[in-house]
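A.B. asks: Protein chains in written order, with the UniProt record's numbering: chain W, 1 to 388; chain D, 1 to 388; chain F, 1 to 388; chain V, 1 to 388.
Source of the hints: derived by calculation from the structure; they are not laboratory data.
Here the structure is a predicted model, which is why all the values come from computation and not from measurement.
Check each hint, because a few of them may be wrong.
As the list claims (entries may be wrong) - Listed next, the in silico SDA-like pairs over lysine to any residue satisfying Cα-Cα at most 20 Å (straight line):
| # | chain 1 | residue 1 | chain 2 | residue 2 |
| --- | --- | --- | --- | --- |
| 1 | D | Lys268 | V | Asp207 |
| 2 | D | Lys282 | V | Thr202 |
| 3 | F | Lys268 | W | Phe280 |
| 4 | V | Lys276 | V | Thr202 |
| 5 | F | Lys348 | F | Pro337 |
| 6 | W | Lys282 | W | Ala197 |
| 7 | W | Lys268 | F | Glu65 |
| 8 | D | Lys268 | V | Asp53 |
| 9 | F | Lys268 | W | Ala50 |
| 10 | W | Lys282 | F | Glu271 |
| 11 | W | Lys97 | W | Val205 |
| 12 | D | Lys97 | D | Lys348 |
| 13 | W | Lys268 | F | Phe280 |
| 14 | D | Lys164 | W | Asp157 |
| 15 | V | Lys164 | F | Glu65 |
| 16 | D | Lys97 | F | Glu65 |
| 17 | W | Lys164 | D | Leu45 |
| 18 | D | Lys348 | D | Ser242 |
| 19 | W | Lys6 | W | Arg370 |
| 20 | W | Lys276 | W | Arg370 |
| 21 | F | Lys276 | W | Ala197 |
| 22 | V | Lys164 | F | Asp157 |
| 23 | V | Lys378 | V | Asp171 |
| 24 | V | Lys164 | F | Phe280 |
| 25 | F | Lys164 | V | Val168 |
| 26 | D | Lys164 | D | Arg385 |
| 27 | F | Lys97 | D | Asp210 |
| 28 | V | Lys282 | D | Ser259 |
| 29 | V | Lys268 | D | Ala62 |
| 30 | F | Lys276 | W | Gly206 |
| 31 | V | Lys97 | F | Thr77 |
| 32 | V | Lys268 | D | Ala203 |
| 33 | V | Lys97 | F | Thr74 |
This is what each chain is made of:
Number of protein chains: 4
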Amino acid sequence: MLNTRKICVVVGSRANYSSIKSALIAIKHHQTLTLQLVVTASALLDRFGAVVDLMRADGFQADAEVFSLIEGETPETMAKSTGLGLLELPTVFSRLKPDFVVTIGDRFETMATTLAAAYMNIPVAHTMGGEVSGTIDESIRHAVTKFAHVHFPASEDARERIIKLGEVPEDVHMVGCPRIDLVAEILEKDKGTAELANELFTAGVGDVIDLDKPFILVSQHPVTTEYGEGERQIRATLEAVSESGLPAIVLWPNADAGSDDISRGIRKWREQGHGKNMHFFKNLPIDVYVRLMKRTSCIVGNSSSGLRDGAFIGTPCVNLGSRQTTRERGSNVLEVPAEREAILQAVKQQVAHGPYQRDTIYGDGNAGKRIAEVLATKTVNVQKRITY
Amino acid sequence: MLNTRKICVVVGSRANYSSIKSALIAIKHHQTLTLQLVVTASALLDRFGAVVDLMRADGFQADAEVFSLIEGETPETMAKSTGLGLLELPTVFSRLKPDFVVTIGDRFETMATTLAAAYMNIPVAHTMGGEVSGTIDESIRHAVTKFAHVHFPASEDARERIIKLGEVPEDVHMVGCPRIDLVAEILEKDKGTAELANELFTAGVGDVIDLDKPFILVSQHPVTTEYGEGERQIRATLEAVSESGLPAIVLWPNADAGSDDISRGIRKWREQGHGKNMHFFKNLPIDVYVRLMKRTSCIVGNSSSGLRDGAFIGTPCVNLGSRQTTRERGSNVLEVPAEREAILQAVKQQVAHGPYQRDTIYGDGNAGKRIAEVLATKTVNVQKRITY
Amino acid sequence: MLNTRKICVVVGSRANYSSIKSALIAIKHHQTLTLQLVVTASALLDRFGAVVDLMRADGFQADAEVFSLIEGETPETMAKSTGLGLLELPTVFSRLKPDFVVTIGDRFETMATTLAAAYMNIPVAHTMGGEVSGTIDESIRHAVTKFAHVHFPASEDARERIIKLGEVPEDVHMVGCPRIDLVAEILEKDKGTAELANELFTAGVGDVIDLDKPFILVSQHPVTTEYGEGERQIRATLEAVSESGLPAIVLWPNADAGSDDISRGIRKWREQGHGKNMHFFKNLPIDVYVRLMKRTSCIVGNSSSGLRDGAFIGTPCVNLGSRQTTRERGSNVLEVPAEREAILQAVKQQVAHGPYQRDTIYGDGNAGKRIAEVLATKTVNVQKRITY
Amino acid sequence: MLNTRKICVVVGSRANYSSIKSALIAIKHHQTLTLQLVVTASALLDRFGAVVDLMRADGFQADAEVFSLIEGETPETMAKSTGLGLLELPTVFSRLKPDFVVTIGDRFETMATTLAAAYMNIPVAHTMGGEVSGTIDESIRHAVTKFAHVHFPASEDARERIIKLGEVPEDVHMVGCPRIDLVAEILEKDKGTAELANELFTAGVGDVIDLDKPFILVSQHPVTTEYGEGERQIRATLEAVSESGLPAIVLWPNADAGSDDISRGIRKWREQGHGKNMHFFKNLPIDVYVRLMKRTSCIVGNSSSGLRDGAFIGTPCVNLGSRQTTRERGSNVLEVPAEREAILQAVKQQVAHGPYQRDTIYGDGNAGKRIAEVLATKTVNVQKRITY
């Protein structure tokens, strides 16, 4: 009988799932690995699209479900939710006894996962470290790097930054972003606009948009260090989009502190009757989202997908404010402040430009397999030591 | 009326207190600063010497007491205790609304304090960052650095390491270790061995030791990444000390995972009747401890005080195992594995050598005042950004 | 200077607030009482109508806000939310040092409040004990009685039941329900249907209803011991109401386990286009609600307001399923199972009957003042003892 | 294959274990029952005798270990520890999916266990309900009764009280106390004083006591409603015992709020050199304890064992203060206030009287089997309803 390693992956959000799905598949099918799946935070909740149900439909059964979000969505409850996660996850790890815990990106639950595993002397593997962005994510990401035993950066630039942070180069494996694996697969299977429209407009609220004509995609999240600004920021975006004259597909925000603010901004916008030519979605399956990214004249907001998926797909992107400030980006991105006029001008410029060339800075479509292979063979020393 | 800044200091252990006391004094007496004091973790507990009572006796009243330790002292409960701290501290910060939160060193409660403050957009000042050591402290320390907005390293070497970690050089203030401020003051006020003996032997259990003759000081803590090894390790030390023929003063361990292990080792040693010529203390006031450090022929164990206070005092030190592995050290330190024979030889060598010269690598005695001054004038940007 | 008593009232939901508001007023204005207000659970949350904002508008400032709901709304998260409340409330009580803690009714946060206070040796006053109902509320209510030191039942029947439970008769003060105080006041100030309609239809979604013609009011909550049944149950109600041919005003459910179920049922109903002649509200201010109760041809569902307010107002009520099974009721209530046909027939019967006579079984409008007076003068023994 | 029921028993203390052990055996060996064991609170901790290790030695493996005690032992931390238990236990019940949860007696963890199970719609069986005592235990016990679906009172008096509390008589099964099952078994196997002395004096500290001559047994716990009084109370007892001239065996207290107080009292007593003719134990295995009960001239303190085991064994008992105030008792008990002189006179009277006759008010030795049999066959309705 083969001696297998237990790889415990903790998924805490919709974005987490698409950022790790191809690795989950690769781990599940790897001969010497056993996948252990923990679903937590917003990934469990109906109002964030019940990601756990999507996962089950994809064949991934959770070994543990950890409800960790304390309602309120203030900075105080975000901190406490991390604390709650840290109370809960050790119970799970103690039961599953994994050989590696995989923690994804830079969210609050990423921190809780990392601390729980590291404090319990379980080796931590971290995906998407070494990048630079705005908000508290920036600190979380680098702090997680300082606890992680194996690093899976998504870009060359990120790999170098992790090494500068004092990590042992042999433990830093540049694999690309697993989300790009999915993007590539979705683009291949795309069956045309009519089918996409069929799938799309069974859900959400608002006007139906003609996907064969130019349209805008809006995806805007709160900036945790600018707590209280969200309502004004989304308003500026919606006004600019409206003034551009193009129809738009608008997504509701994620669960960070301040999301209530943005939700309120969207709600008021609709209640005041400005929602013409717009369709609103609580969330979209990634395969729908990617196909929209391929067709939209321009994505507007501050979602990292504009930079990451956008580079691979070639989507014109208008990126707002400080949330992604220094994340690596391709030529498809225009950077503007979260002000109506600036947004409007940038949108016009991008619409005029049209699609960009493919750029593989965030991966070539094989990240998941590389991650599985490293986890199957890697030897780590639980006692970390800075290199300088 | 002066516009004052509220400086909230979180003290979680006996060691924390002596590492920050001179800064507490300086903050309290600073014209434009208001001290807010939070006492938590083992600093509240009788069985770790009720540090909160010592603080009160020194004139420091707690603005909040946060019980955060979950009994058990396993890696799992250490992780959960951090989670509990993270559930509790936001309530406190939300009430006190500090302008800065000061977090000390590299303990579990240091991490909880840092996350709570950073997630709530409160600027974090961190003391004793940038050092290198063994155990999970190593990761905690550097991770805290990645969240902190102002850094107060205790040595030049540490200052450089913080900058290498991508922190803005202007935010890194080399001030020395505030604990050395206390050490300097205690050495000045020392009134001789007779008085010290009087203070000392009213507490603890075991034989009375003649402090005018050579004696050994033992201070050994668990190594969290070597969980389960503690009993064997303390046994090796006690055997070596016993075989050296010198009397010894032995301290009980702190509250990290594994301290039960070491406590059991000491208890068994005593119950088996090996405790001759030894005196055991649950903990010692720092002023007693420093005066012992000045007189002991050799300190044995893995306490950081052997390296830090020891450098300034000139105490011969035998440092065991991995806990302090790469912490900066002066010439007073001999490094050996936690094995009986190795310890014995090193002890003999140090006893033969006698006291060392003063070394100020960890500070010159003015750290506390420097910290208060920076906190009174510093402007920080809550949104951090790595420098590379 | 007068020696005042500190009365700490913990409000955890919209229903809580209207059940205690007149007592809050009386306590606030009492010469020898100081009101301390703690707002927690769903009373803090936007999606349950931000009761804390209503309270502020009414002049009640929270001395502490305790976020205690863990998202998920499963039986597991309801239990854990109680645990979280029990972790948080002692911090608050320890700071406020109340002479009495007032706990309301029979909700999860009522239990947490009660345990926190009783364990800390703070006298507990309990309102609305001694009643009989379905769901876990039944056990919570009687268990709280066994911890409470002073009882404020809302009806004579309830008073007798508390005494049978072994409580000392002198500690049981029949005061009536404070909610009826509000109801009486609102009915007095009612300015006519036109004004009500103006206030009403600025919020909610759906068709506008003519309040001068017969209409139905629907208020249906989950039954925690029938977890998973909610969607079917609300569907049965909506179908029956639709078939009755009368327009309807429909309220979203509270935050108990299973509310997601009912919300989904309502959502689907609307998405399938059955929402004609219906208007949906997340929640209504009590003054609007009472005026609707006065005008509706029939209230349908399982809200206790149908029984309690309904008795005083004389509202025809169709009460469904097990949630209120054995709560005391007046002649205005028809009891039916949660099945479409049964509901339909009962609705028809009540519409034909028209308004009922006033019944004061749940109070005469002076409960709040009586509560304040008892709290101002009562002496309690913290050590309880059963009477038999 | 037989269809078996899963019976989940939650053990939280040393006393819990001996109060349920015979039922654990009976459940384990029952053909249609599967035992699920959860160990929590002080039962997991070294400093309370690591009951979990005793259980393992007896063949009971824990299915889950739940660390739930927050250090501090103040009323505030006791409340919070209950909250922590309530955060943790739902995770366990959700995994084990028991058909019944068995909760024992009247401790803080009993409440947490009960709430977790009841809120999750799992039938609750409660042992030792219906009794009357002092402290917060009194309220906890009756509150648990109001949540429990099956009751296992230990005495006839208790059975009647549960029914008066409004419980359905068919759900109240008078079985006797399972602890008496153990007592009976231990008395049968007793091999004489020499062997007992051998087992006894390998542990503890202090003078060796001659068990063939008259000696006193002291077992005193904190009274949670008299927080802060513990040190004075234990001092009064120790002085009285000392003055009686008889040697004594003294036990350390349990983990309730105030135990630090009593521990400090004992510690000071010893440090002041009054410990002559006394031997101190952290805790004793029940089989040793029962054999001491059989031989002691008098047990002094406020442990329930003096009343319960004492009745069956016939041990002269001096019961102090309010902790057991109205618990049912046999003729072997003298009740006195916690004052030195009163204790001294009562001790003299009991020593003069000598052993009492066996009294089976707390059971005949078959409780465990009766409990298992009821759990194997009982049908319960999760929705409880008071009987009046």
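A.B. asks: Now look at each hint and say whether the structure bears it out.
C.D. replies: Now the hints, each set against the structure:
A C-alpha spacing of about 19 Å is found between D:Lys268 and V:Asp207, which places the hinted pair at or below 20 Å, so the restraint holds. The hinted pair formed by D:Lys282 and V:Thr202 fails the criterion: a straight-line CA distance of about 24 Å is larger than 20 Å. Distance restraint check for F:Lys268 and W:Phe280: the Cα-Cα separation of roughly 17 Å lies within the 20 Å cut-off, and the hinted pair is therefore satisfied. In summary, the hint linking V:Lys276 to V:Thr202 is supported, as the alpha carbons are separated by about 18 Å, within the 20 Å threshold.
At roughly 15 Å between alpha-carbon atoms, F:Lys348 and F:Pro337 fall within 20 Å of each other, so this suggested pair holds. A distance of roughly 17 Å separates the Cα atoms of W:Lys282 and W:Ala197; the hinted pair therefore holds under the 20 Å criterion. A C-alpha spacing of about 26 Å is found between W:Lys268 and F:Glu65, which places the hinted pair above 20 Å, so the restraint is violated. Using a Cα cut-off of 20 Å, the hinted pair D:Lys268 and V:Asp53 holds, with the two alpha carbons roughly 18 Å apart.
Restraint check: the Cα-Cα separation between F:Lys268 and W:Ala50 comes to about 16 Å, which is no more than 20 Å; the hinted pair holds. In summary, the hint linking W:Lys282 to F:Glu271 is supported, as the alpha carbons are separated by about 15 Å, within the 20 Å threshold. Annotation: proposed proximity of W:Lys97 to W:Val205 is violated, straight-line Cα distance about 44 Å (limit 20 Å). Restraint check: the Cα-Cα separation between D:Lys97 and D:Lys348 comes to about 54 Å, which exceeds 20 Å; the hinted pair is violated.
For the suggested pair W:Lys268 and F:Phe280, the alpha carbons sit about 17 Å apart, so the restraint of at most 20 Å is met. Using a Cα cut-off of 20 Å, the hinted pair D:Lys164 and W:Asp157 holds, with the two alpha carbons roughly 17 Å apart. Between V:Lys164 and F:Glu65 the alpha-carbon distance is near 39 Å, which puts this suggested pair outside the 20 Å criterion. Distance restraint check for D:Lys97 and F:Glu65: the Cα-Cα separation of roughly 15 Å lies within the 20 Å cut-off, and the hinted pair is therefore satisfied.
A distance of roughly 41 Å separates the Cα atoms of W:Lys164 and D:Leu45; the hinted pair therefore is violated under the 20 Å criterion. Our distance criterion of 20 Å between C-alpha atoms is met by D:Lys348 and D:Ser242, whose separation comes to about 12 Å. For the hint linking W:Lys6 to W:Arg370, the alpha-carbon distance of about 17 Å falls within 20 Å, and the restraint holds. With a CA separation close to 46 Å, the supplied pair W:Lys276 and W:Arg370 exceeds the 20 Å bound.
Between F:Lys276 and W:Ala197, the direct Cα distance comes to roughly 27 Å. Violation of the 20 Å bound is thereby established for this hinted pair. The straight-line distance between the Cα atoms of V:Lys164 and F:Asp157 is roughly 17 Å, inside the 20 Å bound, and the hint therefore holds. The straight-line distance between the Cα atoms of V:Lys378 and V:Asp171 is roughly 9 Å, inside the 20 Å bound, and the hint therefore holds. Proposed proximity of V:Lys164 and F:Phe280 is contradicted: the alpha carbons are some 46 Å apart, above 20 Å.
For the given pair, F:Lys164 sits about 14 Å from V:Val168 by alpha-carbon distance, which is consistent with the 20 Å threshold. At most 20 Å may separate the alpha-carbon atoms for a hinted pair to count; D:Lys164 and D:Arg385 meet this at roughly 14 Å. About 51 Å separates the Cα atoms of F:Lys97 and D:Asp210, which puts this hinted pair outside 20 Å; it is violated. With a CA separation close to 19 Å, the supplied pair V:Lys282 and D:Ser259 stays within the 20 Å bound.
At most 20 Å may separate the alpha-carbon atoms for a hinted pair to count; V:Lys268 and D:Ala62 exceed this at roughly 27 Å. A C-alpha spacing of about 18 Å is found between F:Lys276 and W:Gly206, which places the hinted pair at or below 20 Å, so the restraint holds. About 16 Å separates the Cα atoms of V:Lys97 and F:Thr77, which keeps this hinted pair within 20 Å; it holds. About 11 Å separates the Cα atoms of V:Lys268 and D:Ala203, which keeps this hinted pair within 20 Å; it holds.
This hinted pair checks out: V:Lys97 and F:Thr74 have alpha carbons roughly 15 Å apart, not beyond 20 Å.
The structure does not agree with the numbered hints 2, 7, 11, 12, 15, 17, 20, 21, 24, 27, 29 stated previously, though it agrees with the rest.
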